[in-house]
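Note that the protein sequences, when read in sequence, are chains A and B.
In this text, residue positions in the first sequence follow my numbering: the first is 1, and each later residue adds one.
In this text, residue positions in the second sequence follow my numbering: the first is 1, and each later residue adds one.
The set of hints was computed from the structure by calculation and includes no laboratory data.
Only a predicted model underlies this, so the values are computations on that prediction, with no experimental measurement involved.
Check each hint, because a few of them may be wrong.
List time: in silico EDC-like cross-link candidates among lysine to aspartate or glutamate, alpha-carbon distance up to 20 Å [said to hold, decoys possible]:
| hint | chain 1 | residue 1 | chain 2 | residue 2 |
| --- | --- | --- | --- | --- |
| 1 | B | Lys66 | B | Asp18 |
| 2 | A | Lys641 | B | Asp18 |
| 3 | B | Lys88 | A | Asp452 |
| 4 | B | Lys87 | A | Glu111 |
| 5 | B | Lys132 | A | Glu29 |
| 6 | A | Lys609 | B | Asp107 |
| 7 | A | Lys8 | A | Glu30 |
| 8 | A | Lys493 | A | Asp452 |
| 9 | A | Lys319 | B | Asp18 |
Coverage of chain B stretches by chain A, computed from C-beta distances (three or more under 8 Å per stretch; other residues unrestricted) [unchecked claim]:
| hint | segment |
| --- | --- |
| 10 | 12–21 |
| 11 | 57–63 |
| 12 | 79–85 |
| 13 | 103–115 |
| 14 | 138–150 |
Using C-beta positions, here's what the derived DEER-type ranges look like [stated by the list, open to error]:
| hint | chain 1 | residue 1 | chain 2 | residue 2 | range |
| --- | --- | --- | --- | --- | --- |
| 15 | B | Glu36 | A | Glu229 | 35 to 45 Å |
| 16 | A | Asp598 | B | Gly32 | 54 to 64 Å |
| 17 | B | Ser106 | A | Glu42 | 31 to 41 Å |
| 18 | B | Glu36 | A | Asp60 | 34 to 44 Å |
Note that CB positions come from ideal geometry on N, CA and C, so glycine has one too.
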Amino acid sequence: MQSNNKNKRELLINHVLLNTAKNIDSNIEESIKFYKREKVKEPTIYIGAGTCGLVAGAKDTIKAVENYIAERKIDAELILVGCLGICSYEPLLDVQLPGKTRISFKQITSEKVNTVLDAIFSNIIVDDYALGQFKNNELESWKNIPFIEDLDFFAMQERIVLKNCGKINRLSINEYIANDGYKSFIKTIRYYTSKEICNIIKKSGLRGRGGGGFPTGKKWEIAYNTPSEQRYLICNADESDPGAFMDRAIIEGNPHKLIEGIAIAAYSIGATKAYIYIRTEYSLAVKCLENAIEQAKEYGIIGHNIFESGFNLDIVISKGAGAFVCGEETALINSIEGKRGIPRQKPPYPAVSGLFGKPTVVNNVETLANVPDIIDKGANWYNSIGTKTSKGTKVFAVTGKIAITGLVEVPMGTSVNDIIFKISGGIRHNNKFKAVQIGGPTGGFITKEDIDIPIDYEALKEVGAIMGSGGMFVMDDETCIVDVVKFFMNFVKNESCGKCIPCREGTKQMYQIFENITKKPSNESQHSSLERFKGITELESLAKVIIETSLCGLGQTAPNVVLNTLKYFREEYEEHIFDRKCRAGVCTELQTFFIDVDKCTGCTMCAKKCPVDAIIGSNNNPHFIIQDKCIGCGNCFDACKFGAVIIK
Amino acid sequence: MSKNIDSIINKFTNSNRDNLIPILQEIQNTFGYLSEDAIISVGKHFDLPTSKIYGIATFYDQFVFKPKGKYHILLCNGTSCHTSGSKKNLTEIEKILKIKDGETTSDGIFSLQTVDCIGACALAPVISVNGKFYSKVDLIEIKKIIKFYQSLEK
């Protein structure tokens with residue numbers, strides 16, 4: 001077995017990666033085809049087992065498939081893959097029979113496994129569960145099954161970063177190499193100097209995908225030009241925006257792509273040590289990375305004197321301990337050094353003086369995952385995709401009240417409208433679109449008026465939003481803007497590191513104001529009304545002070561949501577403050593509850609559930625709510641089986 | 001116990017500052033929380049005041065200073081979960097178990113913690129108990145889940 005593995009390794013390194021063999025015999029070709037999964041000898045079953053898949057129940061699906069294979073003594077291979085990006089349809093189960101294309105089934109929880117597998121092994125497809133088949137010209141395709149690539153969700157996407165996510169075995173370096181992996185890295189160390197790589201990336205127009213949008217090539221060049229005996233590369237995988245999960249999907253789906261990007265970047269800035277700073281909560285992603293690093297070491301792709309190029313590289317995983325602010329590069333550096341994750345004064349920028357005082361480049365996962373393709377296909381190719389100032393593609397995590405939640409990778413310049421309505425299938429339950437928030441908790445809102453703007457760093461900034469890490473949170477008319485902003489303020493208040501007083505105390509004050517305007521007044525005395533009116537008079541000035549006097553991106557962008565919503569949704573704020581109403585019915589404390597006398601049967605359920613004894617009435621007679629006592633918790637509404645409790 | 005703490009610390013041969021957080025993480029992984037003894041020992045190892053170690057540990061959300069319950073409930077409060085009703089679920093759990101976010105029940109069976117986002121937004125609202133996920137949970141589901149774990153203890 002061991003010598004077999006060694007043979008495979010040598011075959012892949014010599015014939016595919018280094019391509020030194022003059023003539024490729026048919027044996028090798030077979031092998032490559034196998035790893036590319038163009039030719040399988042036995043039925044192959046793939047299960048989407050990224051975190052989203054596991055939450056949807058993939059663990060039970062895996063067990064069911066294993067049992068199925070064992071019971072029927074079928075020779076089949078079971079492969080766990082990452083996330084294909086279409087999270088709403090998890091758990092996904094794909095089957096590839098020899099000679100046939102790979103077909104994907106959606107929402108296959110454990111009880112559906114037998115039905116689907118029984119059918120496909122008799123060459124029948126259960127139409128209700130079929131999602132589509134993967135295009136492959138060499139294989140016979142299934143009749144009457146759409147191609148995955150033609151589905152609305154995928155047709156408008158252009159996948160560079162997510163290309164093989166959810167398709168290939170994430171634990172196999174062989175499959176990555178067979179799919180042209182590590183080719184760019186070999187090309188880099190063989191034919192280019194560090195400076196040339198910097199220039200290629202500069203020319204490609206790649207900009208940081210973590211939020212700031214700083215030109216990546218320029219950052220590398222600054223670090224390379226700073227004289228030092230040691231330089232560091234840090235990959236920022238501390239993805240902590242609520243609702244953004246593209247970095248995790250890349251790592252769980254195709255970890256070697258990130259390792260390759262890191263290796264090229266490290267070569268380009270002359271770093272011999274690279275850190276991957278990743279959230280410890282991402283336990284599956286950490287496992288995938290550890291496995292990938294181990295394999296890359298075994299294959300001699302990282303280590304000492306890599307393929308006799310004289311280049312050394314060591315990659316270390318550093319696990320973050322859960323602090324949103326550590327996504328900021330200088331805070332992240334402090335955290336790796338074992339200190340509190342508090343941002344530093346800039347300049348000096350990390351590219352000049354970063355980790356342990358040495359020149360350090362901090363790049364986001366998505367940025368680095370773009371690099372191998374740029375080296376492979378050239379700067380001009382990458383430069384031709386996108387808009388004037390923003391090149392390439394961007395991955396968005398589309399979440400919220402959307403029909404298909406998932407990861408969408410589109411060329412820059414695609415309109416927000418297309419992403420929401422054409423790719424992601426519009427608003428869930430055919431509700432009305434209200435707004436979309438781009439860029440995580442500190443990003444801005446885009447309303448119907450601006451929905452046609454293209455995805456572009458500058459265009460987004462113009463309407464008050466930011467690219468951020470690419471979270472796209474869609475809201476419908478059942479979402480209360482004030483409540484969402486209150487949620488974000490609570491988040492920012494908790495995550496403020498405390499270094500700058502305006503951010504630490506200011507966000508707390510802002511949150512307090514939001515508490516006041518969504519709280520049920522115990523009485524309408526002067527004080528509580530006054531507190532509420534502060535909402536309108538002080539929010540704006542507070543926001544401006546925080547923006548102007550905070551050190552890092554967190555404080556500088558935190559009040560964006562407030563300013564932005566005050567501009568577009570002032571009406572809704574005023575309703576909360578003056579009319580004491582929440583039109584979406586989310587701020588339950590502002591609701592008034594009544595009992596419909598005709599519908600009430602007098603079952604006393606509501607009175608029993610009321611925590612403040614605000615409901616009176618005797619058995620079998622209609623009940624009544626004393627408004628002065630009611631705290632608006634909504635328990636009576638949930639308790640009533642007859643629909644007699646009405647919200648106004 | 002203090003012997004075990006020492007053996008964890010001694011695994012990291014050099015006392016470079018960048019080993020501090022990994023050591024704290026490993027101690028927490030082993031014992032489930034950071035005890036006073038642990039923080040004092042780590043301080044000695046790095047030749048840093050205990051207050052400094054405590055300051056660093058409290059900065060990060062991951063570290064807890066009280067033992068977790070036998071069943072650790074994680075409630076996701078990301079944006080998607082929030083708008084799909086995770087707050088109601090939180091109040092319900094708090095009401096049933098009579099503990100607040102970040103606390104452990106007095107019998108040590110349950111503990112409750114909210115997290116910002118576990119990235120399963122398509123299936124919101126999500127909770128997990130000792131790593132087992134429950135998706136699209138509502139108030140009725142919450143009651144069932146807690147009852148299930150309570151029944152295991154009887």
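Going through the hints against the structure:
This hinted pair does not check out: Lys66(B) and Asp18(B) have alpha carbons roughly 25 Å apart, beyond 20 Å. Using a Cα cut-off of 20 Å, the hinted pair Lys641(A) and Asp18(B) is violated, with the two alpha carbons roughly 59 Å apart. Proximity of Lys88(B) to Asp452(A) is assessed by CA-CA distance (about 35 Å); at most 20 Å being required, the pair is judged violated. At roughly 31 Å between alpha-carbon atoms, Lys87(B) and Glu111(A) are farther apart than 20 Å, so this suggested pair is violated.
Between Lys132(B) and Glu29(A) the alpha-carbon distance is near 43 Å, which puts this suggested pair outside the 20 Å criterion. At roughly 27 Å between alpha-carbon atoms, Lys609(A) and Asp107(B) are farther apart than 20 Å, so this suggested pair is violated. Of the supplied pair hints, the one linking Lys8(A) and Glu30(A) holds, its CA atoms being roughly 12 Å apart against a limit of 20 Å. Between Lys493(A) and Asp452(A) the CA atoms are separated by roughly 32 Å; this puts the pair beyond 20 Å, and the hint is violated.
Distance hint between Lys319(A) and Asp18(B) is fulfilled; the C-alpha atoms sit about 11 Å from each other, no more than 20 Å. For the segment 12–21 of chain B, the assignment as covered by chain A holds, since 6 residues bring a beta-carbon within under 8 Å of that chain's beta-carbons and 3 suffice. Counting residues of the segment 57–63 of chain B whose C-beta lies closer than 8 Å to any C-beta of chain A gives 5; at least three are required, and the coverage claim holds. With 4 residues having a beta carbon nearer than 8 Å to a beta carbon of chain A, the segment 79–85 of chain B meets the requirement of three or more and the stated coverage holds.
Figure legend: the segment 103–115 of chain B, annotated as covered by chain A; annotation inconsistent (1 residues with Cβ-Cβ distances under 8 Å, at least 3 required). For the segment 138–150 of chain B, the assignment as covered by chain A is violated, since 1 residues bring a beta-carbon within under 8 Å of that chain's beta-carbons and 3 are needed. In this structure the hint that Glu36(B) and Glu229(A) lie 35 to 45 Å apart at CB holds, the actual value being about 42 Å. As the Cβ distance of Asp598(A) to Gly32(B) is approximately 56 Å, the hint placing it in 54 to 64 Å holds.
For the pair Ser106(B) and Glu42(A), the supplied restraint of 31 to 41 Å is violated, since their beta-carbon distance comes to about 56 Å. Between Glu36(B) and Asp60(A), the C-beta spacing of about 42 Å keeps the proposed range 34 to 44 Å intact.
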